[in-house]
Structures are given as structure tokens and as C-alpha cells.
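K.L.:
Okay, here's what each chain looks like letter by letter:
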Amino acid sequence: MFFRMISGTLFRQWKKMLMIAFTIALGASLATAMLSVMLDVGDKVNQELKTYGANITVMPKESSVLSSLYEVEGESSAGAYLREDELGKIKTIFWAFNIVDYAPFVNTTAKLDDGTEVTAVGTWFNHHMELPTGEQLDAGVTSMRNWWSIVDGKWLDEQSSDSGHVAMVGAALAQKLGIKSGDRLHISGKEQDADLEVVGIFDAGGDEDDKIFMPVDTAQAIGDLEGKIDSIEVSAITTPENELAIKAAKDPKSLTIAQYETWYCTAYASSICYQIQEVITDSVASPVRQVADSEGAILEKTELLMTLITILSLIGAALGICNLVTASVMERSAEIGLMKAIGAQNAAVSGLVLTEIIITAIIGGTVGFFAGWGFAQIIGHTVFGSAISMRPVVIPIVVVLVLIVTLLGCIPAIRLLLKLRPAEVLHGK
Amino acid sequence: MKKRQMYFRMITASLLRRRSRMIVALLSVAIGAAILSGLVTIYIDVPRQMGAQFRNYGANMIFTPADGSFTSEDITNGASYIDSKDIVGVTPYRYESVRIHELPVMAAGTDMEQVKLTSPYWSVEGGYPTGSGQLLLGASLAEKFRLGVGDEVTVSYTPEFKDRGSDETVLDNTADMKVEGILETGGPEEDYVYLRMSDLEELTGISGKTDLAELSISAKSDKLKEYAEKISSSVPAVSARLVKRVTESESTVLTKLQALVLLVTVIVLALTMICVATTMTAVVAERRREIGLRKAIGASNSGIIKEFMGEGMLLGAVGGIIGSVLGFVFAQQISINVFSSSISFMPLLVPITILVSVAVTGISCLLPVRSATQIEPALVLKGE
Chain X
0 MFFRMISGTL FRQWKKMLMI AFTIALGASL ATAMLSVMLD VGDKVNQELK
50 TYGANITVMP KESSVLSSLY EVEGESSAGA YLREDELGKI KTIFWAFNIV
100 DYAPFVNTTA KLDDGTEVTA VGTWFNHHME LPTGEQLDAG VTSMRNWWSI
150 VDGKWLDEQS SDSGHVAMVG AALAQKLGIK SGDRLHISGK EQDADLEVVG
200 IFDAGGDEDD KIFMPVDTAQ AIGDLEGKID SIEVSAITTP ENELAIKAAK
250 DPKSLTIAQY ETWYCTAYAS SICYQIQEVI TDSVASPVRQ VADSEGAILE
300 KTELLMTLIT ILSLIGAALG ICNLVTASVM ERSAEIGLMK AIGAQNAAVS
350 GLVLTEIIIT AIIGGTVGFF AGWGFAQIIG HTVFGSAISM RPVVIPIVVV
400 LVLIVTLLGC IPAIRLLLKL RPAEVLHGK
Chain E
0 MKKRQMYFRM ITASLLRRRS RMIVALLSVA IGAAILSGLV TIYIDVPRQM
50 GAQFRNYGAN MIFTPADGSF TSEDITNGAS YIDSKDIVGV TPYRYESVRI
100 HELPVMAAGT DMEQVKLTSP YWSVEGGYPT GSGQLLLGAS LAEKFRLGVG
150 DEVTVSYTPE FKDRGSDETV LDNTADMKVE GILETGGPEE DYVYLRMSDL
200 EELTGISGKT DLAELSISAK SDKLKEYAEK ISSSVPAVSA RLVKRVTESE
250 STVLTKLQAL VLLVTVIVLA LTMICVATTM TAVVAERRRE IGLRKAIGAS
300 NSGIIKEFMG EGMLLGAVGG IIGSVLGFVF AQQISINVFS SSISFMPLLV
350 PITILVSVAV TGISCLLPVR SATQIEPALV LKGE
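Keeping their order, the protein sequence lines are chains X and E.
The first sequence finishes on residue 428 if you use numbering that gives the first Met the number 0, and the numbering steps up by one all the way, no holes.
The second sequence finishes on residue 383 if you use numbering that gives the first Met the number 0, and the numbering steps up by one all the way, no holes.
So here's chain E without its partners, still in its complex pose (with noise of 0.2 Å):
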């Protein structure tokens, strides 16, 4: 019992009393531990934080209808077999021909709301269609028909001939219609008007009848392709296809970015920890008379031992929480600045990283222990 508390005090004692030294050495233990546990959590986080990003892209899985059409309730059927938190949209789409000043023009409708998360790209002059009676008008349409954003425009739609025997004319439905935004996107939509698809069944006086429907899901190319294999197996009326385009391209880019952030981490951790290790070197070698002195009034070469590494590791158990708190908060705020959003708190990495400082600081203390112990220790106390 009394050996033990000895030990302590000795171990406590000498690193108060050798307070620069020590904090010099914490520091350095502390600043390892902080770039070990922050950049594990980045690491850790990024596919997740970039995958969100590589949404940005738009829409990465089709619902079509296995045969003609399908509804509303077949979408949010199929969709229900993706776990919620990885949707990050679904728009259903419904494509009907209609006339703008006489002219044939393809009408989509659709959820505006919606839109917005499956094609964060398409850049809005004006605003998205909040109200009935409003339409979202394709830039290249626009410039064909010199219509701006605030114009009135009537929109007409011929309904299908039921009877065609009958020879009494059929009236167009038409609809007054304000145009609230134009939409540059650089591709085939700016051919397109949008309504909301309430508009359009209105206009068409035909409801519940959904042609496609576009989903944003944040998920990997792998797990994608369970998802549509699923749906289309589990839902008869839909069958799911991946936008090849996106899915792959999304897979190969996001795999180097690992990969860049993993050999980043592993060469910066590598690099640190030798650091730590020098700098325990530096401060231990300092303590070569020390050692001498006691070994020449006693003391056995594995109490020393013994006792070094106790203060190394209690420096490394102190700096390595020190540098778990430090680290998170780091990664923290690397990750509210980039991909303004938190970061989970890992409590396994806690652990982990203390482990490792008290390993890199035991080892580190280790080396210079062991040769200063293996001399005479008059030649150590003489100085040489």
C-alpha cells in the first residue's frame, strides 16, 4: 500500500514540480490528440456531408409506370419502401399538350415544392408559381412568345374526343394564367411551361393521372440499386430505374474525395504523432542525470522504467481528453463552415483517441528510459 502511494507522489510530484517542462510536453500530447480525434470525425463524416452536396445534381431514380400511367398513390407507395431519411425528394411529373397563343407547347405539372429539392439547379428569374393561376415558363419559350415575368397568358388544352360520333363542337378549356417565373436551366426544360399540378388538372379536367416521377435520394450507387430492384419487384404499377448519368459519375467522384481525405488523414496523423513522439524524447532525454542518480543510490532498472512510463501515460491520458474535446470542437466547426451543418458526436472516437496518445507517449518515453538505464550510472551522472 505504502509503495503504491510513493509511487504516485512521485509521479504527481514530478510533474508539478517540473511545471514548463510538463506543459510544454501536454501541449504537444493535446495538439496530437486534437488533429487525431477532428480529423477522424471528418473523415468519418465527409461521404455523408459531400453526398448531400452530390444531390445537387438532381433527381437519381425514376418512378415510370410499368404500363400506361400510374397515380399518386403508386409513387408515395413505391417511395415508402426508402428509408424517410434518405429521400431528399420526390416530384411526380404530368406531361400534357397545350396551346399558348395558338402554338403547341408541352405542359408539365407538378409539386413546385418539391421541385425545387429534386433540381436545386434550375435557376429561377422571378419566382416559383405559390398560387393557383400562376405558371413557371421555360427561358427559351419565353423568348419565343416575348413574354416577362408578370405577364398575363391564356392557356388552352383541346380535352380528348370521347364520343367521336357526336358532331357537336368541343369547346377548349382555357385557363388565364400569370406567368411568376422563368426557368434557364440550359437543357430541354426551358422547352417546357410548369403548372402546379392542381392547375393542370383543372385545366385538363382530368385528376389523379401522374406520368413520372423524379426522386432525389442520398444514398450509395449499391444501395440505390437495391432500392429500384425492390420497388419495381414490390410495386407492380411502377418500375424504379437509376439516372445512370448521375449514379455513376456521383460513385467515381465521391470515392476519390474519400480517398483524398484518408490519405490526407493518414499522412497528417502519422506526421503529428511523430512529432509528439520527439517532443517526449526531447523532454525525457533531458532527465538522463536523474536517472543515473538513481540508479546509483539503489533503484532497480524496472522501478524506473515503471515510473516513467506512469507520468508519460498519465500526460498522455490528460492531453489525449484534452485533445477529444479540442478535436470535436474542430471538426465542429470545420464542418458548420463548409457544409454548414453539425457534425454527430462520436463517442467511441473518445476512447480511441486516448488510447492512442498514452501509446504514442508511453512508447515514446520508452526509448530514451531504456538507454539511459542501460548505462553505468556513474558515466550517465559524470555527463557523458
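The shape of chain X in the complex, shown without the other chains (with noise of 0.2 Å):
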């Protein structure tokens, strides 16, 4: 009799409890898409904060200090370098997964035929990269510069089949010296001389105006360092620094074993250039400051009001449901008079009046889970490009919160209801 009574509302009120069920739907998707939005918020706007750079640097570990020194006497650095062949252990370390990018750098000074001395660059450009983890990954200046505007020809194509020959040339230079794109550049090394296609001019708003870039290869011919590289710029997705953090900084061996741990497998900046330092021989490596703060500290921002705005949709939510809940079950007034007036005991009431509601909170819940799901995916697509991904912990909370809220909107409308007295209602009153 009870599921017959429960069906026969359901179907024979469909009208009014589709109502019910919509709007808790509508609740439902909200709380969805909200929350789903804002545990990922931090992953893409990290994402999108790598257009800043690089946020750590890779130097070698004697010459930093000297050869930025020398520089300012006008000589030609000299001392240490980094292997080119441990570049791949980057990837290899144990946050190696939130290494977006990274590109190494040497530096060379040539001649160009006019005798203007010029600083020629090797990098990486668009590098292609097979992990032994089977990943692939394409890392460079094309995706760390990408605030370089090209202002004629293109950016270098290292995968092209002629990058042994061609170079990009700042746009200080190469309005200096009358250079466009697709012009050839001879200029001689210390040892050897390249004849160089100028395919692109960038300009960089910077000092790099002043140089020309080439692939790494053609660099350490020109300079004589085969196999050596000056510095590695790392672009890597970090955690915001805390208390644990800034001390490992200073000193790891500072740590207990359990803080060691926990800073270590936890990606601050800091614990991912001391993983670096692990595998690249004789090298420090550091957070540039500019970039991992100011990251830091727009992440946590973004973080909280997004956390904040979920807040007040998910009470807006919970309040609307909870208003249409009660609108909905104290419009009952009269079927439930007439149902006392017949014998029902108030349980028996309450009961039934909350096993619908549940009934419909659960289709409406399930529907509205799947369609916020749809919005999250809108707001990830439209404003980041990419999928929002999918927190497991959200399933839970929805269920949670759909659950509480609709009960929590009968109360107030049964308590009415059992005060009522058969007669009255059923009078119309």
C-alpha cells in the first residue's frame, strides 16, 4: 500500500513533483559545476601563469658568480659548464610529471662579416622529446617565450628537416644591421663558421633584441663547447611556499626525516630544484623569485575566491531547494488532512511525505550531477581550452549536501503539517 500510495503521487503528481525534482536538479548542477571549477581553478591558472617563464634557473655550480662579473669587464665568461646529455634526467626526477617545459641555454660570441661582434644563443626551439616513460613532449623557447612577438618570417622549426643551418635574430640587431627573413648570415666562431637562414626576427622587449638564437648544435660548433650548456631554464608547476618550505630552502639537513618527506614529495619550488641539483652534475639550481611569488601568491588569491563564490552558490542552492521544498509539501495541506482525518498516524505521514521527496531529490541529484558536470565543462573549454577534471571527492559532497538540504526544507513544512488539525483543513481554512 505504502509504494502504491508512492507511486501513485509520482505519477499522478508528476507535474508537481517534476517541479521539485528541477529545481533540485538546478541545485545539484550548481553545486556540481562550482565545485568541480574550484578544486581544479589551481591546476589551469598555474597553467596559464607559465606564460610568465621560466620559474627556476639550472646554473653550474662554480662560475655564476664570475662569469656574470667578468661580463661587466667586457670578457668572455669562462669556467664551468652543465652536460648537455643530462638534460633528459630532468624529466626523470620524482616531480618530473609537473615539468611543463624546459629549454637549456649556451652563449657564444661570433663575428659577423662586417665585424660587428654579436652574442649568438643555442636553445632549444620546439624540441621533441620521447621519455622512456613513453611520453612525448615538445619543449623549448617557442612555448617559454611566448611573449616574443615575431615580427617577420616565423618561429625556427628545429623538427624541420634544414635546422642545422638557420637562426632567429633579435629585432634591435636586426634593424641595426638591415637583416629581414629568409636573409643568409655568415658568421665565424672562435673555430669554426656557419652560413645561417635567418627564418624569423622576434622582438622580446628586452635584451635579447640584441642576439641572435639558433639551435644548441649549431651554438657549440660555432663556440667550441660541444656538449656543454650554460644554463637550463625550467618552467615547472609548483606548490605556494609554506613555513616547511622556506626552511628546507635554507637547509634540507635541517629536516626531520618525516618533515624531509613530506617536503620532498610535496612540489614546492624549492624541493624540485633540489631534486634537479640530484641529477644535473655540479649544478645549483634556484626559484626565480619574480615568477615563483608572484605565481604563489595569484594562485592562492584565485584559489580563495573561487572558494568563496562556491560558498554562496552552493547556500544559494541549498536555500532555493530548501524553499521549494517546503512551498511544495505545505501545499499538500489538504491531501494530508484528509489522510489524518481517515486514522494516519503522523509517522506514517512524515513518512511518506519524506520518501517522495527523497525519491525525487535522488532523480533530480543524479540528473543535476551529470548536467553540472556538462557546465564545468563549458567553463573549462570556453575560458581555459582544456577539461576540467574530475574531483571523486565532489560525488560525495553533492550526495551529501542534496540529501541534507531537501530534509532539512521538509522540516519546517511537516512540523506545519502534523500541527494541523484534520477538521480545519478539510473545512478549507
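Hints are supplied without guarantee of correctness; some may be wrong.
Claimed, not checked - Chain X regions said to be covered by chain E (calculated; three or more residues, Cβ under 8 Å):
(1) 17-31
(2) 281-291
(3) 314-324
Derived by calculation from the structure, the hints in this document are not laboratory data.
Since this is a predicted model, take the numbers as computed values, not measurements.
From the three backbone atoms N, C-alpha and C, an ideal C-beta is built for every residue, glycine too.
Please dock the two separately framed chains into a single complex, following the hints provided.
P.N.:
In C-alpha cells, the structure reads:
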């Protein structure tokens, strides 16, 4: 009989029940969408902040001070280098997955035919790597210097066949020497000469505008620096620093074993630096404060903002569902009065109303969950151009929220119904 | 006159007597309105607040001398073309080669108060120099010279030979200074020693010279471009350039963030408004019997619709007013918690919120009432 009554309500009063289910679905979809976006926004914004370029630089241990000091004096640097054959190891560290991009740099001076001395920089443009894990990665300045605007020509494509004899020239240098894309440059280094075709002129808005960029091999050949690298820039997704990270950055040995493990297994800039130093011989990796600190601040603010907006909309959704449930249960006072008049117990009446509402809530909640997931994907694709990943934790939160909110919505209505005196209701008061 | 009085009496009486149901409806409208006004306030304010966060990346415009060098007056002159409330900081720099422990080191003279504003990411162990005779030492120099905070160091400077012919030996200018702080940035700044501008002027004996100025300006990239062009053309001594890496990246990321908040606002608002509408519909649909009864005793359809709409819109207006206040409080709380700065009140938002709530409640009343009035009163009264 109980089930017949419930199915009777659900089928015969389907219009009212549909409206309740619809509102619950709206609330649930709002909750799902906002929670998914909120939980993923950190990663997404972090990805966006990669446009600021590298947040970690790796230098050889000995020479970092000396070389820049002697440059001041106008002499070319001498001393320590990093090894090119170790570059691949950066993608094998514990936080390899968080390293989104990196590029080596090798600097050398060369002379043009007219005697102008220029700085030639060898680097990766879109270097293709096949990692032991089966992952593939295109790393280099094409993505790490995306603020460069190409004034003339195009980006150097390392993967094309004639990548050995091409270069890109900075806008300031190009203007000074009257170089256009498509021109051929003959430059002579310490040991070897090279004939380079200029494929692009870039405007970097900094001192890179006075340099010539070319693939690593070419620059190494000119500068007689086979297998040597001056520095590496690494772009990594990091967690904002906290006290532990600051303490560890000063001296990892000062940590207890438990602290050390927490630190090592968290993607702090300092722990990624430490891990890079472990795989690259004689290197010093340090976070670029300008990028790393600002990233932390912006990430924190964005996450907090989204959390508060989420809470606001969850409260809104909850109150909306609550209200509608209250309103629609009150509406049924005549029906319930009749049931009480023919002898129904309070408990039975409450049980009946609750079961009906909860069945409706489950249906509405399920529909709403999928709709909300869809909304989250719309947000992800429109704003960030990639899907929002679904966190499993969203499901229990939404389920609990919908159930609690629906039940809370029933309480005032049921209390009211129980106070009803059948005679009054039926009389139409 | 009488008719209108009766109309108001019916509306208010119905609202007051059916108190519990009306509270439900009013609550729902107020929440909708609060979310509307709160989110829109945040959406409008986010670019400004976030923009301030992005100034953490430091200077986005650089003044370089158009030829040779310029003075601090030129910088002030150039900066005067920028709206003063957009300027976060202006830091002059002057570079000189000095010697510490007989090794050449680049020294930069600057304004320590402004540095904190234009390079907020500098991490200083110890403190910034506040008085004369103090300096800020780059971390790699500190390691090289094995100097720590509080150590004394002698800085010497060889003045340029004014008269090459004379054979009298020129003595170095020296100054005994105290290391007040060690600077860590992870960048080239770690190889410099920073002095207060007045100390460097005293050491070199030349004052009024500046090599570069860094400016941090909170403005969008097109406005920055405009400023840079105007300054370069109006102040001949200054050539203003944008730090492309900072300005380009800032506009990319900021646009995305704004799009995110916009999309979230639109979706939340659409869903909330539908929620409000369904609740209002439920509240009105309950009164089908009443509508039937009125029709049976001869009320006209338009009269009934007018009355119900009046009731709904009154609710909408009251809910809208409550909501605007609540929404502002919400937005203010969020702003204080997230950005630790207060939000400015937008008066235009109050009438908009009220109008939207009135429109939403009006429409959501209209649909069920119209369907109720179209049915035969007898059928409605019978309960079918």
C-alpha cells in the first residue's frame, strides 16, 4: 500500500514532482559545477601562469658569480658548464610530471662579416623528446618565450629537415644591421664558421633583442663548446611555499626525517630545485623569485576567490531547494488533512512525504550532477581550452548536500503539517 | 479611488495573512537578488583587485635615457604623464662599478622605499637599508665574500681621471659600510650590491645622475602602450619601454580569469533565477482554488492577473532591496577576505537588482495564474 501511494503521487502528481526534481537538479548541477571548477582552478591557473616563463634556473655551481662579473669587465666567460647529455634526466625526477617545459642555453660570441660582434645563443625551440615513460614532449623557447612577437618570418622549427643552418634574430639587432627574414648570414666563431638562414625576427622587449638565437648544436659548433650548456630554464608547476618549504630551502639537512619526506614529496619550488640538483652534476638550481612568488600569490587569491563564490552559490542552491520543498509540501495540506482524518498516524504521514521527496531528490540530483559536470566542461573549454578533471570527492559532497538540504526543507513543512487539525483543513481554513 | 484602495488592501492582506508561505517566497527572492548583486559586484571589481596582485611581478615599464643619461627630474617629469592613482612605484637606478675586497662589483644606487613597491618579490634576509652607511648585498656576492648580515665591509670607488696628463696618483674614494641585508631573487640581482642613492652619490662624488627607472603601473596593456608613447614623445630625455614579458603575460592571464568569473557568474545567476521562479510558481500554483472561487463570483481574468502580479512584484521589490544589501555585504566580505581591501559600493546595481527580481517574480507568477484563469472555475473548484 505504501509503495502504491508513493508511486501514485509520483505518477499522478508528476507535474509537481517534476518541478521539485527540476529545482533539485538545478541546485545539484550548480553545486557540482562550482565544486569541480573550484577544485581544478588551481591547476588551470597555474598552467596559465606558465606564460611568465621559467620559474627555476639551473646554473653551473662554480661559475655563476665569476662569469657575470667578468662580463661586466667585457671579457667572455670561462669556467664551468653543465653537460648536455644530462638534460633528459630532468624529466626523470620525482616531480617530473610537474615539469611542463624546459630549455638549455649556451652563449657564445661570434663575428659577422662586417666585423660586428654578436652574442649567439643556442637553445631548444620545439625540441622533441621521447621519454622513457612513453610520454612525448615538445620543449623549448617557442612555448617558454610566448611573449616574443614575431616581427617578420616565423618561429624556427627544429623538427624540419634543414634545422642545422637556421637562426632567429632579435629585432634591435636586425634593425641595426638591416636583416630581414630569408636573408643569409655568415658568422665566424672561435673555430668554425657557419652559414645561417634567418627564418624569423622577434621582438622580446628586453636585452634578448640584441642576440641571435639558433639550435644548440649550431651554437656549440661556433663556440667550440661541444656537449656544454651554460644554463637551463625550467618551467614547473609548483605549490605555493609555506614555512616548511622556506626552512627546507635554507638547509634540507635541518629537517627531521618525516618533515624531509613531506617536503621532498610536495611540489615546492625548493624541493624541485633540490631534485634537479641531484640529477644534474655540479649544478645550482634556484627558484626565480619574480615568477615563483607572484605565482604563489595569484594562485592563492584565485583559489580563495573561487572557494568563496562556491560557498555563496552552494548556500544559494541549498536555500533554493529548501524553499521549494517547503512550499510544495505545504501545498498538500488538504491531502494530508484528509489522510489524518481517516486515521493516518503522524509518523506514517511524515514517512510518506519524506520518501516521496527523497526519491524525487535522488532522481533530480543524478540528473543535476551530470548537467553540472557539463557546465564545468563548458567553463573549462571556454576559459582554459581544456577539460576540467573530475575529482571523486565532488560526488559525496553533492550527495550529502542534496540529501541534507532536501530533508531540512521538509522539516518546517512537516512540523506544520503535523500541527494541522484535519477538521480545519478539510473545512478549508 | 476606492477601487485602488481595495486593490492594495487585498494585496497586503494576502501577503500578511499567508505569512509562512510568503516568508518562504520572500526568502527565495532575497537570496536570488543577493547572489545577483554580490556576484556582479565581484565580477566588476575582480580585474582591479587581481590587477593589483599581478603587480607582484614587478615593473612593467622602464625609462631609459634617450641619449646617455638623465636626471631624477626627467623621471618625475615622465611619471607625471601617468595617472597618479595608477602608479604603484617608481624606482630610479644608477649603476657604478665599485670594488669590495679589491674585486670589481656592480653597485646600484636606488630608493629603498620604492624598491619594495616595484620589486615586491625580493626576498631579503635581515632588512632593507634605512640609514646611511648601510647596504644590501646580493646572495651570490655574499657567499663569495663570505659576508653575513651585520658584517662591516669597505667599498671603494676609483673616480674617473679628469686630467690624464697629471701624474699625481688619484686616491680611491672609500666608505665603510654595514651589510644590512642579503638579497635573494634567483636572478641576476644576486650579483649586485645595492646602496641608497645618497650613499652612492657621496661615494662617487657625482650626484643627480640616473641610468634607469623601473615603474610599476596598474593599467591594462593598451593603456600602458598609450602612456609609453606619450611619455617618449613629450619628454625628450626619456625613452619609455614596456617590459613585454610582464605586460603580455598579465593581459593573457587576467583576461582568462575575468572570463572565468564572468562565466561562473552567468551560470550561477541563471540557475538561481530559475530556482526563484520555480519557488514562486509553486507558491502561486497552490492558490488555484482561490482563483477558481473568485472567477465563480465574477472576477475578471485581467483583474485576477493584475492582483497576483501586484503581489508578486511587491515581493520582488522587497526581496530585491533586502538582496542588494545582503549581496553588498557578501561581496565586501569576499573582497576583504581574498584581497584584504574593501569594495566600492555601486549605486547603479541597486535599481538593477530590484528590477531583475521584480521581473523574475512577475514572470514566474504570470504563468501559473494565467493557466489557472483559463480553466473553467467549476473544474478548478472541484479540484481537478
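K.L.:
Please flag the earlier hints that this structure goes against, numbers listed from lowest up.
P.N.:
none
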